[in-house]
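Sequences and hints are given; from them, build the entire structure.
Spelled out from the first residue to the last, the chains are:
Protein chains: 2
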Amino acid sequence: MQLLDGKATARSIKDEIAEEVEMMKNGGLRVPHLVAVLVGHDGGSESYVAYKIKDCEEVGFKSSLIRYEDDVEEEELLKCVNDLNNDPEVDGFIVQLPLPKHISEEKVTLAIDPAKDVDGFHPQNVGKMAMGLPAFVSATPQGIMELIKRYNIETSGKNVVVLGRSNIVGRPMSILLSLKSNPGNATVTVCHSRTKNLKEICQKADILIAALGSPNFVTAEMVKDGAVVIDVGTTRLPSDKTKSGFKLTGDVVFDEVSPKCSFITPVPGGVGPMTRASLLINTLKAAKNQM
Amino acid sequence: MQLLDGKATARSIKDEIAEEVEMMKNGGLRVPHLVAVLVGHDGGSESYVAYKIKDCEEVGFKSSLIRYEDDVEEEELLKCVNDLNNDPEVDGFIVQLPLPKHISEEKVTLAIDPAKDVDGFHPQNVGKMAMGLPAFVSATPQGIMELIKRYNIETSGKNVVVLGRSNIVGRPMSILLSLKSNPGNATVTVCHSRTKNLKEICQKADILIAALGSPNFVTAEMVKDGAVVIDVGTTRLPSDKTKSGFKLTGDVVFDEVSPKCSFITPVPGGVGPMTRASLLINTLKAAKNQM
Chain A
22 MQLLDGKATA RSIKDEIAEE VEMMKNGGLR VPHLVAVLVG HDGGSESYVA YKIKDCEEVG
82 FKSSLIRYED DVEEEELLKC VNDLNNDPEV DGFIVQLPLP KHISEEKVTL AIDPAKDVDG
142 FHPQNVGKMA MGLPAFVSAT PQGIMELIKR YNIETSGKNV VVLGRSNIVG RPMSILLSLK
202 SNPGNATVTV CHSRTKNLKE ICQKADILIA ALGSPNFVTA EMVKDGAVVI DVGTTRLPSD
262 KTKSGFKLTG DVVFDEVSPK CSFITPVPGG VGPMTRASLL INTLKAAKNQ M
Chain B
22 MQLLDGKATA RSIKDEIAEE VEMMKNGGLR VPHLVAVLVG HDGGSESYVA YKIKDCEEVG
82 FKSSLIRYED DVEEEELLKC VNDLNNDPEV DGFIVQLPLP KHISEEKVTL AIDPAKDVDG
142 FHPQNVGKMA MGLPAFVSAT PQGIMELIKR YNIETSGKNV VVLGRSNIVG RPMSILLSLK
202 SNPGNATVTV CHSRTKNLKE ICQKADILIA ALGSPNFVTA EMVKDGAVVI DVGTTRLPSD
262 KTKSGFKLTG DVVFDEVSPK CSFITPVPGG VGPMTRASLL INTLKAAKNQ M
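Listed in order, the protein sequences are those of chains A and B.
Mind the numbering: the first sequence is residues 22 to 312 in the working numbering, read in order.
Mind the numbering: the second sequence is residues 22 to 312 in the working numbering, read in order.
Keep in mind the hints are simulated off the structure, nothing from the lab.
Among the hints, erroneous ones may be present.
Where chains are identical, the list cannot tell them apart; a pair therefore holds if satisfied intra-copy or between any two copies.
To be verified - The calculated PhoX-like cross-link candidates involving lysine-lysine, where the alpha carbons are at most 25 Å apart (straight line), are:
| hint | residue 1 | residue 2 |
| --- | --- | --- |
| 1 | Lys-225 | Lys-245 |
| 2 | Lys-83 | Lys-46 |
| 3 | Lys-201 | Lys-122 |
| 4 | Lys-128 | Lys-309 |
| 5 | Lys-201 | Lys-217 |
| 6 | Lys-220 | Lys-201 |
| 7 | Lys-217 | Lys-245 |
| 8 | Lys-35 | Lys-306 |
| 9 | Lys-245 | Lys-281 |
Shown next as structure tokens:
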């Protein structure tokens, strides 16, 4: 069994990006610029945005944070999006979700210029991805694809089972891995809450991607010997063994599943860091496209 | 075994639409207006466009045909698209594909206003469809979904196998049937040229959708007793038994497969007529959205 070390891989990606940024600077170019728009003071959103800005600093990107209070009007937020679309000094930007209830997330997402949509949430990017065209792919699926690529995991002709059909993980993963591409070319089955013969389907998987958000859902008996298991789950369960009082728990029972695997991602330190690195990859790409 | 009679179903749909158009007229509204843009004189394209215009006439839509010669410049075609986007008298329009090689189909498709994209080829419509949002779905997958709906075929929790991953049939079918919707909620596997254990996978299918374009690919041994089989293939094979000298042949060996099925589409008369009816459904929807 080999660990798919997301932490170390993300580290390498960041080093590579930092090097590219250095070269851009030396070449007299301006550095990539990411803007994060944050509405309100939700704890989760605050810390996600803080991480994103810290990551930008680490690789030498310019970053900016635009803050609005919870009661900002939709129109004002849409004006902000429009300004960012038209600002030639901004390569990519994200509007941190969720937004307050009086604001339509769909309307805001649709207002973002797809060329600056480094979150990959705009339907045009989702559609292009599904059609196998160049597109910004959202952070988690892109991070997983990068991990698969860097560990040279063969996907062509493999049976892939994706547990979960969310717009941000399960759906794009199932599409990406079945595209005529490399990684890709897999025979993909998408499972979800309505799937009836789940255990049997999982047992056939050469590659199993668990993206349900159900802690410890995947047990050893569901996994084939030699399978590749990618655990996207990150549920906070209460714990008296950690300082924070909780433990990040995956969808896979790591201790019993890992001995059967050829490769497996740990939680934490697997998909999570790759997700964070993906935003940097997308921002660099946006900057290059704009040049 | 029951036939999924696409011809009769399309007839009902047309009658329903014609009735709605009559009501619109009686209510003093203008009737839906579809414009078809045809470049060059490709035989296939000519007859497809002729069918579309005939279908419009049949249900009482207004239709217009804009023709360009093969050597039209991309810029001129894009200007035409832009004019149609801005014409309040046009509810929906299609640019018949394929286009001559010097014109970028991607650029033309992207130029179409997604709200008038009744072919459902714009990435924004593909993306919205994949995200489970209201969208124009392209004609063949929408026709199949309509057929499934009107025959009350249960899809929830069923094992669906889609043979083919094309952007216009296999991919959207696999997405639509696994969405949290009705029809939908199926456990879907997408197979293609790289799939290794195809026969075994097909044998597990409660619903098998063959969209490979390989005549007579699906044989009886690949099909489970009681399965629903939807044959999207329409290959013209030479024949000395027909006046035209060819015979439209599906991906399924109908004679040996049909006795095992609960439902099956014939070729011709199955998916084909539903595909044609879908463009009318989309045009009516576009007209209603615009009102």
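Go through the numbered hints given earlier and state which of them the structure violates, listing their numbers in rising order. Violated hints: none at all, because every hint is consistent with the structure.
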